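Asker: For reference, the chains in residue letters:
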Amino acid sequence: MMMITFYIVGILAAGSAWWLIRLSQRYQINWIPLTGLAIGIAMILFCIAWSVGSALEGVPRAAAMGVVFFGFPGIVLLTLIGRYVTRSVK
Amino acid sequence: MNKKTNQSRRNFFKLGIAGAGIAVAAAGGAFVFNRMEGKEHDDMPNPIDKKLFKPFEQKNAVTMRAGGGFDPELHKMLQGFEKQPYRNVPGYTQLDRALVEGGWSTSNYMAPMQAYGQPNSGALSWEQHHLHDTQYKFGSKQEATAAIKHAALLYGALRAGICRNDPRFNYREMYDIKREKSMTWDDFPFKPKTVIVVVCEMNYECMATAPAWTESGTVAMAYSDLVKTTYSLSVFLQSLGYQAVPSVNGEGINPAYAIMAGLGEGARNGAVIIPEYGCRVRIGKVYTDFDFVEYDKPRSYGVMSFCRHCKKCAMSCPSQAISMDDEPGYHPTWSKNPDDWFKNQIGIYKFYSNSEKCFRFWIQNDGDCGICIASCPYNKPAFWHHRLVDASNVIAPGPVHTIMREFDTLFGYGHVNDPAKVKRWWKYGPPKGKLYGSKA
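Keeping their order, the protein sequence lines are chains A and B.
Under the working numbering, the first residue of the first sequence carries the number 1, and numbering increases by one thereafter.
Under the working numbering, the first residue of the second sequence carries the number 1001, and numbering increases by one thereafter.
A hint or two may mislead.
Claimed, not checked - Going by beta-carbon spacing under 10 Å, a handful of chain B positions derived as facing chain A:
#1 Ala1098
#2 Phe1383
#3 Gly1412
By construction, these hints were calculated from the structure, which means they are not laboratory data.
Everything numeric in this text was worked out from a predicted model, so none of it was measured.
Glycine included, C-beta positions come from ideal geometry on N, C-alpha and C.
Using the sequences plus the hints, can you model the full thing?
Answerer: Printed below as a string of structure tokens:
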């Protein structure tokens, strides 16, 4: 199950990298917000892997805390930088 | 200078920065992996004060004081141990007691009283019954070392290490409870040169039920595994023509030998923390006169630094037997009276526990406790995110370890005295197949 999770996370990571490259080519985004987006996506993917691992281990509290400490900040970062990029592109 | 040249210079600069970043990341990764392998030492990593230090008398160990009768009060308490009536509480029922008795059965049958430190008992006999006349000659020390370690793993060891026999960590005098007589190393059948140290795992889910009787099931099973493993390894060596004596709790101090064999590092609670398992292991050894081996070196893994700041085992201990000192020392601080210090092997720089307080809780609990092992942040099953935390631990500075301890609790780990864990154990048991499991 953990191997399947890593497989899916790997596909998502590759897809995210492709999306970021396309985004930077299309809208000429500066490397700083681009790095911020990458970090946000990395945090969310890390959160998925952490939470699934914790759930499989039988410690759902660790899975939930993983969402709080890794997933939530990743979403916040993605949202803030995404809005900045959207504004600067307009 | 035209725009095109500037652009290419800028790109070259960016490429250089990116390359340097990758190199730094790779170097950092290599550094962390190297630190996780442990820093090698030529001798015991813990400093020794030669004025205070001397080999320990086995009679002073709490298990021998109780089992051998040297402390009448402890001996009397021991007679009622694991004999209290069943309780209507998860973890303290006939089912849980049966798990313990089943676990002890092999050890009790093959080597009676070895848990108290009884030397020369049953399968752990000093007799060389299987000694062959011809000695097998290995082609190289590397070949011999590999053969011994692979045999140990086959016989059930989780890990194996090899170190020299060290009189500092052998009992100065041993005591034979059954025959009621002291024994010295002059009585030992040969002059040991090498000690092969093995560790056997205790089950994570079962240990998590601490301090319920259920936890004692995995402790007992690990002792039985050690008796079997060390006995088999000693027969292996004797069949090669070399003298060998298996030992679990007798003859010498297991944590010291495990450290000398490079298997782990000493912890605050007096046990040995080994990478990936914490102190959720039990230690056994085989003394032999075979010395054509590559000896392992003691290693430190940042455990002492973590233990300084963590103190989770000490805070969790129900009898406050574990030291809450900020810094280790050369003698116990649980008593200001030096006449009490005979109960510990003093003169080595470590945290000193009050083993008698610990033992008294066992009596009250009617089962060995295990809370310090279960609560330790190093005690984790084989999941990737724990290895990531282990890796970050080797590079984190001291005060960060206090934060890591708090996060360990916040994330739901190390919680003990929980009947739900007993119910979970009986419902799901140990992990099945490759869901997750131990690996050497």
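Asker: So, for every hint listed, does it hold in this structure?
Answerer: Do the hints match the structure? See the list:
| no. | hint | result |
| --- | --- | --- |
| 1 | Ala1098 | violated (24 Å) |
| 2 | Phe1383 | holds (5 Å) |
| 3 | Gly1412 | holds (3 Å) |
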